[in-house]
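A.B. asks: Take a look at the letters that make up each chain.
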Amino acid sequence: EAGVTQSPRYAVLQEGQAVSFWCDPISGHDTLYWYQQPRDQGPQLLVYFRDEAVIDNSQLPSDRFSAVRPKGTNSTLKIQSAKQGDTATYLCASSLLRNTGQLYFGEGSKLTVL
Amino acid sequence: GDSVTQTEGQVALSEEDFLTIHCNYSASGYPTLFWYVQYPGEGPQLLFRASRDKEKGSSRGFEATYDKGTTSFHLRKASVQESDSAVYYCALSGPGGSNAKLTFGKGTKLSVKS
Chain C
1 EAGVTQSPRY
11 AVLQEGQAVS
21 FWCDPISGHD
31 TLYWYQQPRD
41 QGPQLLVYFR
51 DEAVIDNSQL
61 PSDRFSAVRP
71 KGTNSTLKIQ
81 SAKQGDTATY
91 LCASSLLRNT
101 GQLYFGEGSK
111 LTVL
Chain E
115 GDSVTQTEGQ
125 VALSEEDFLT
135 IHCNYSASGY
145 PTLFWYVQYP
155 GEGPQLLFRA
165 SRDKEKGSSR
175 GFEATYDKGT
185 TSFHLRKASV
195 QESDSAVYYC
205 ALSGPGGSNA
215 KLTFGKGTKL
225 SVKS
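Top line first, the protein sequences correspond to chains C and E. First residue of the first sequence: 1, per my numbering; consecutive thereafter. First residue of the second sequence: 115, per my numbering; consecutive thereafter.
Hints listed in this document are in silico derivations from the structure and should not be mistaken for laboratory results. One or more of the hints may lead you astray.
[Unchecked claim] With a straight-line cut-off of 25 Å between C-alpha atoms, the simulated DMTMM-like cross-links for lysine to aspartate or glutamate are:
1. C/Lys78 to C/Glu15
2. E/Lys223 to C/Asp86
3. C/Lys110 to E/Asp167
4. E/Lys223 to C/Asp40
5. E/Lys227 to C/Glu15
[As the list claims (entries may be wrong)] Some but not every residue of chain C turned toward chain E, in silico, with C-beta under 7 Å:
6. Gly16
7. Ala18
8. Gly28
9. Gln41
10. Leu46
11. Tyr48
12. Gly85
13. Ala88
14. Leu96
15. Asn99
16. Gln102
17. Phe105
18. Glu107
By construction, the Cβ of each residue, glycine as well, lies at the ideal position given by its N, Cα and C atoms.
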């Protein structure tokens, strides 16, 4: 069974530029999460979906961050006008609702904003 | 809101030493508690979980017991190996299936020398 796939693995931007991260969850998983992990810190939830619906985006900086999961499968996280404070690894995870807490994480997309 | 506190930011041990990483939580209701492990360049992966008071979770020689009285879930291993070197995260989620999002602690970096 294929795991969670993320791309790109690395991105380097100047402040003010935009970037999109893509996530392909494990087939059949109904719940998809995006976490932000600054260097040497724990993952912090940005947003999560059940199928195509946003369940919680309260920690997503809505002025510059957006996330979609249009068909309830793949997902895209976009950062517009990046800031140095956005430097972090962006982790995508998926799970089954009936197995709450067993998240399967991808390898992450490491973003550096200069 | 819910939170997890890991006392140790870093732990350095020699092979066959005993390991304890302290985890305390603050949450309403009756959360499910988790330990995740993250190796360099990878996303976190579930080590084990516990969902009720006095329940012991275990995997790969690691174990922790849910203690509602002291709101703790300390990770222990009797004899560590060099291959255990990684970052360990304590996490919690809401009770049952009502809250699928995980809140992570800041992590404890374990370094084991041979």
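A.B. asks: The structure should be examined with respect to each hint, and the outcome stated for every one.
C.D. replies: Verification of the supplied hints:
{"no.": "1", "hint": "C/Lys78 to C/Glu15", "result": "holds (14 Å)"}
{"no.": "2", "hint": "E/Lys223 to C/Asp86", "result": "holds (23 Å)"}
{"no.": "3", "hint": "C/Lys110 to E/Asp167", "result": "violated (38 Å)"}
{"no.": "4", "hint": "E/Lys223 to C/Asp40", "result": "holds (9 Å)"}
{"no.": "5", "hint": "E/Lys227 to C/Glu15", "result": "violated (40 Å)"}
{"no.": "6", "hint": "Gly16", "result": "violated (29 Å)"}
{"no.": "7", "hint": "Ala18", "result": "violated (24 Å)"}
{"no.": "8", "hint": "Gly28", "result": "violated (16 Å)"}
{"no.": "9", "hint": "Gln41", "result": "holds (6 Å)"}
{"no.": "10", "hint": "Leu46", "result": "violated (10 Å)"}
{"no.": "11", "hint": "Tyr48", "result": "holds (6 Å)"}
{"no.": "12", "hint": "Gly85", "result": "violated (17 Å)"}
{"no.": "13", "hint": "Ala88", "result": "violated (13 Å)"}
{"no.": "14", "hint": "Leu96", "result": "violated (10 Å)"}
{"no.": "15", "hint": "Asn99", "result": "violated (9 Å)"}
{"no.": "16", "hint": "Gln102", "result": "holds (6 Å)"}
{"no.": "17", "hint": "Phe105", "result": "holds (3 Å)"}
{"no.": "18", "hint": "Glu107", "result": "holds (6 Å)"}
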